[in-house]
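Given chain E, put chain W in place with the hints provided.
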Amino acid sequence: MRSTPVCGKHMSLLQVKNLMVEFPGRRGTLRALDDISFDIAPGEILGVVGESGAGKSLTGAAIIGLLEPPGRIGGGQILLEGQRIDNLPYEQMRHIRGRKIGAIFQDPLTSLNPLYTVGRQLIETIQTHLPVSNAEARQRAISLLQDTGISAAEQRMEHFPHQFSGGMRQRVVIALALAAEPKLIVADEPTTALDVSIQAQIIMLLKSICKNRSAAVMLITHDMGVIAETCDRVAVMYAGRIAEIGPVHEVINHPAHPYTEGLMAAIPDITLDRERLNQIDGAMPRLNAIPQGCAFNPRCPKVFERCRQERPDLLAAGATRAACWLHDVPVGVTA
Amino acid sequence: MTSVAPLVQAHDLAKTFDVSPPWLNRVIEGKPRLMLNAVDGVSFEIEKGKTLALVGESGCGKSTVAKLLVGLYQPTRGGLTFDGQDAHAAFKTPQGRQLRSRIQMIFQDPYASLNPRWVVEEIVGEPLREHGLITDEAQLKAKVGDLLKSVGLSPLDMVKYPHQFSGGQRQRISIARALATEPEFLVCDEPTSALDVSVQAQVLNIMKDLQRERGLTYLFISHNLAVVRHVSDHVGVMYLGRLVELADKQTLFAAPRHPYTRMLLDAIPKMHDTGHARTPVQGEVPNPLNPPTGCTFHPRCPHVNDRCRAERPQLLSIQGVKIACHAVEEGRI
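Chains E and W, in that order, give the protein sequences. For the first sequence, this note's numbering assigns the number 66 to the initial residue and increments by one for each residue that follows. For the second sequence, this note's numbering assigns the number 3 to the initial residue and increments by one for each residue that follows.
It is worth saying that the hints were derived from the structure and are not from the lab. It is possible that some hints are incorrect.
[Stated by the list, open to error] Straight line, CA to CA, 27 Å or less: simulated DSSO-like cross-link-like pairs of lysine-lysine:
#: 1; chain 1: W; residue 1: K324; chain 2: W; residue 2: K69
#: 2; chain 1: E; residue 1: K272; chain 2: W; residue 2: K272
#: 3; chain 1: E; residue 1: K276; chain 2: W; residue 2: K272
#: 4; chain 1: W; residue 1: K324; chain 2: W; residue 2: K251
#: 5; chain 1: E; residue 1: K272; chain 2: E; residue 2: K248
Same shape as in the complex, but just chain W:
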């Protein structure tokens, strides 16, 4: 099943947003232009049938990466190679429609991502109609019914509106919609963070089953490391728009190398060792408009030295793990 070339290759993806004050304020008050580097040179590969998870705290650029991958944003720099072709170039051509049908997205909030005035049949059937895959009404109905069955809903549900479903059921409708065009690659942006744990378990199980049955490739974005451990094969940890550590799941959870990864893992409340005293890392994520010099994590890092303050670390392969940290590179930790 696994081919030699990875299905998805992101190389040096970057997205800069112009958040400058309006023109008049700049002229009168002399305010400068402001550029926000939401994603700043992110590279990774995902093999077919595998799951890469991106984790990080709010504002680290996870969701921007997701939107870059599905073509909702144009990258400022870098690009995405999907199945051997340059995706962002292809999205602009008429053939790009076909490529878009192979990459689909599941959004975080199932209350906001489904049109409240459409019935489920229209919601799930829309991608099929849009891409001209099925034009016959009866066939469309049958296909929507099959899709609903594959996510554990009943075909009889297709006449209902989104408000008639619970959060978990709605998220299954979004999964059914994402699966409609039979994509190979699914970008899931926090698909379970709006759900309760028992419902989250249902949705995660369905996603894993579908991956096994259909050989789907996932990019799974989450801030919840426990969920990431459950679903992923490889994990990328992001901090202020950059990848700081990229490793396979076992290695990352058994032996986290980057100080930020260690901090994240340590900060998670554990259910089974109660009373264990932790020393949470002080400080907060810096303002991305004015990021620290050198390594952006240095103000919070316990292993900081002068080099960290001055020079930005590159993502290097060290002992099979990709990591951006001077301290690890120099063997200090």
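Isolated chain E (complex conformation):
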């Protein structure tokens, strides 16, 4: 389960190539995502981690085609099963969304319609995407609720979202995302609004249900613990770019990028007593003031001249790839 799938170009489910997202404004265009490239293999769980404003959610929104205007894709491609989906008209994208890509958002109360029963929302979603009769759709909806661990599913079909607790609501949202059996699920902070005991239940559910249906997941979260428990690979984002991407235990135990290293040391560990936490001084730059060269250079403990001039691309660094000049072998390591 932990093995990293081979990511040949032809067998990726999702390919993101040099994705750029920009926000045109009166004072010029802000580039919120810059040159994001990654693949997700079928059945793989890719974690996307970063601090607020790093562009995690925006990457997810771009993939499911729900960028808020005036945000727009300014370059690059998104391919699902080899087919471009970033330039599709709205109506066509609507069919892909739900049918091929399911979405789970952070707040389960706002992602459900408060005026419809849970059953009606599920049946509507199923019938939008699949050619099934009312009775079949109802049966499917009930079995979906059962699969997500909701007891007395038949009665619960007639309940409204407010009659569910937070954890149960998130189960309904997962059931909705799975309704049309999509191949990819984009889960944006699915457990952030939940308590730890419920969070553990939801993570287990998400993992098992995706394994059973061999659906790939892009799990966006700021919680490194959730990533460690759930994902096969992880992409660490910083200031709209990927700082490091690789197998999850490699990134956690042998981080190659100084930012990842700092981030890991800043997280209080439940199993360790430490007098002081490592801190990364300063804060992530604003989008309108991203420094020249590597965006992390003003905060980096290992900064050298080249970092201030040139922006690094993702370079091979052991088992992971990191956007850091330290790993550019011909130039040599100065730190």
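Frame of chain E; chain W shown alone:
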């Protein structure tokens, strides 16, 4: 530094909220009065210079305890002894102002707890003015500058508005404001849960440094057990308005006794043992309006028996740990 009597003693603190439907609905529809026991008999002590952390899931009454301690709520029952005097009685007297200046609070959301129309100088200087500690403008400026320096900001920042700062910087402004009256006791209600991890590390480090320098006493409220392990000396675990386990940090994390504490510790995703399969405890926190009989944790507890369903366990001292569990008391676990 540590005196014999604890600085803060809460005994049997309780707060009940009236959440009844409006009078007319009660009369016409015959709806009953509804009382919510948000905090139901919580007792603890904190020695000077130490940190007690309260952990628990949402709705367990952590924040209500915080508000009771700083006097934002009147307790329904029980009380708080601060430095030998009854705090809630003192808050009502003119001398209470002086007591309030010794107990300060840091709130969770640095975006909501700072007045957006005030500059930092006014925000940090307000407690000094309110308590009449400094009246001279130049002195006030100098003091605010010192406070900002102590939390790692520049005195030049005092002319700025809150929106010009990042979340972590804002939380440092709230810490500077809380420190303005030179309090001895700080109640911190989830001070870092709105912050990113790298920024959280900065704020936690500052809080620890300040504690060391000034001998501050903290009540630290958090739902994040890893953060609690990092900052606290003693830890109290709350469930539905009651303390279920109170122990020193080492004991609690090395050998959690109460089934709820064990469940909480087990539920946390660990960074360094990936792939470890866990069996999360089923069920959710019950509705506090209609709590289960007996031990409120019994519907989720793997060690439940008939006594747990009928009789509410008291917080007893068992092997140096305060714990409210029949199973532990009887030696079943």
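- Message: If you test the structure against every hint from before, which numbers come out violated?
- Response: As far as the earlier hints go, not one is violated by this structure.
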